[in-house]
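Order-wise, the sequence lines are chains A and B.
Per my numbering, residue 1 is the first one in the first sequence, and the count goes up by one each step.
Per my numbering, residue 1 is the first one in the second sequence, and the count goes up by one each step.
Worth flagging that the hints you see were computed from the coordinates, not collected in a lab.
Keep in mind it's a predicted model, so treat the numbers as computed, not measured.
Any given hint might turn out to be false.
Calculated lysine-lysine pairs in the DSS-like style (CA-CA distance at most 25 Å, straight line) [unchecked claim]: (1) Lys190(B) - Lys150(A); (2) Lys190(B) - Lys29(A); (3) Lys49(A) - Lys150(A); (4) Lys189(B) - Lys149(A); (5) Lys65(B) - Lys28(A); (6) Lys150(A) - Lys69(B); (7) Lys29(A) - Lys189(B); (8) Lys190(B) - Lys149(A); (9) Lys39(B) - Lys49(A); (10) Lys149(A) - Lys49(A); (11) Lys190(B) - Lys28(A); (12) Lys39(B) - Lys149(A).
Across the chosen pairs, the derived CB separations fall in these ranges [what the hints assert, rightly or not]: (13) Pro83(B) - Ala82(A): 46 to 54 Å; (14) Arg113(A) - Pro73(B): 43 to 51 Å; (15) Gln35(B) - Lys49(A): 12 to 20 Å; (16) Lys189(B) - Phe44(A): 37 to 45 Å; (17) Lys149(A) - Gly21(B): 34 to 42 Å; (18) Gly116(A) - Lys190(B): 44 to 52 Å; (19) Gln35(B) - Lys149(A): 20 to 28 Å; (20) Leu7(B) - Arg113(A): 29 to 37 Å; (21) Glu71(A) - Gly167(B): 29 to 37 Å.
Chain B is nowhere near these chain A residues, computed Cβ spacing over 10 Å in every case [said to hold, decoys possible]: (22) Phe3; (23) Ile50; (24) Ala74; (25) Leu75; (26) Leu76; (27) Asn78; (28) Pro79; (29) Leu80; (30) Thr81; (31) Ala82; (32) Ile84; (33) Gly85; (34) Pro87; (35) Ala88; (36) Glu89.
From the three backbone atoms N, C-alpha and C, an ideal C-beta is built for every residue, glycine too.
Each chain is listed here by its residues.
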Amino acid sequence: MLFSALTIISKWAIPLLLLFIPLYGFFKKVPVYESFVAGAEEGFSTAVKIIPFLVGMMIAISVFRASGAMEYIALLLNPLTAKIGAPAEILPLALMRPLSGSAVLGMASELMRIYGPDSFIGRLASVMQGTTDTTFFVLTIYFGSVGIKKYRYAVFTGLSADVTGFIASLYICNLLFR
Amino acid sequence: MLNIVWLLLLSSGIIIAAINGNIEVVTEAALGAAQSAVKVCFDLIGVMALWLGIMKIAEQGGLIKSLAKLVRPIMIRFFPSVPSEHPAMGAIILNISANMLGLGNAATPMGMKAMQELQVLNNNSEEASEAMCTFLALNTSCITLIPATIIGVRLSFGTANPTEIVGPCIFATGMAMTIAMSLDYWFRKKSRWGVKK
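From just these sequences and the hints, can you work out the full model?
Here it is, written out as structure tokens:
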């Protein structure tokens with residue numbers, strides 16, 4: 001019930017914003033089309049500004065991913081994570097979560113194809129995919145768009161949230177779906 | 001910290017590829033990533049232009065400022081360094097709401113707008129401000145009420161119950177958000193004690 005209400009809201013949100021904001025602007029005597037174009041102009045420069053940051057970050061992540069380093073780390077961590085109820089199959093996904101959204105989506109789909117979406121692993125993969133964000137991608141894009149090069153403690157905070165999300169997903173899935 | 005992370009990802013990748021005997025993947029991965037990064041940015045241009053255009057109308061109509069005024073009582077706790085009723089607050093709340101509804105396309109440009117406003121307050125420094133760190137902690141750990149992508153994947157593999165994961169997702173994200181916000185608060189306090197130059 002609540003969920004279908006939310007689905008309706010998310011379906012209507014964008015059309016309504018596109019209707020409401022220009023109408024509101026018009027009544028406030030904003031030259032709506034001119035303002036729109038002035039704002040849209042920034043779209044190009046903002047996107048171009050992000051390029052060097054994203055190139056740098058994606059090269060490092062992509063090389064790391066292609067090398068197979070992830071499997072070694074997963075192997076190394078497995079004895080530890082098995083103790084808190086994490087199946088070995090899920091570990092590469094958890095490690096990849098902060099780095100690459102598309103990679104994780106691929107991994108989650110693969111796990112669901114092999115084990116089924118309603119298996120423990122399938123559900124756990126779904127929860128992890130739906131839980132935290134691709135921290136490095138978000139930080140790179142957001143900071144890059146305004147030319148920030150020193151991220152200070154933002155990386156640490158973001159990664160701590162990812163680790164917490166991983167442990168909390170494990171806990172809740174073990175509780176509900178085991 | 002980012003310098004170290006970046007170097008570790010890159011160098012460990014190359015060394016392990018060499019040990020594994022497939023050094024040729026490195027070149028391919030690096031070049032491919034460079035190209036797809038540019039492609040991602042170019043794909044962003046359209047959606048960015050659309051939302052930054054709409055946001056400009058909202059800004060000039062005073063809508064963002066009214067929104068900032070509306071959410072002031074909550075936001076002031078998270079962003080003590082941002083003047084109350086500053087347009088940044090309005091852009092931040094739009095970004096977070098779009099994120100929660102799973103409207104990633106609209107959320108990113110609104111987030112860029114918020115970052116621009118925060119960067120003005122930051123005197124165009126190359127170093128992240130406290131408010132930016134808080135905003136990104138909030139953004140990356142924010143609850144998605146409708147994880148549409150993963151629900152779609154579950155459906156495509158024939159799940160009996162596509163939405164059963166929503167509750168657990170909200171629980172896990174809630175925990176992540178609590179930790180992120182607490183850590184951020186701690187760092188903010190710490191840096192006020194003189195770490196900042």
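- Item | Hints that the structure is at odds with (numbers, increasing) | As far as the earlier hints go, 2, 6, 7, 11, 22, 23 are violated by this structure, in ascending order.
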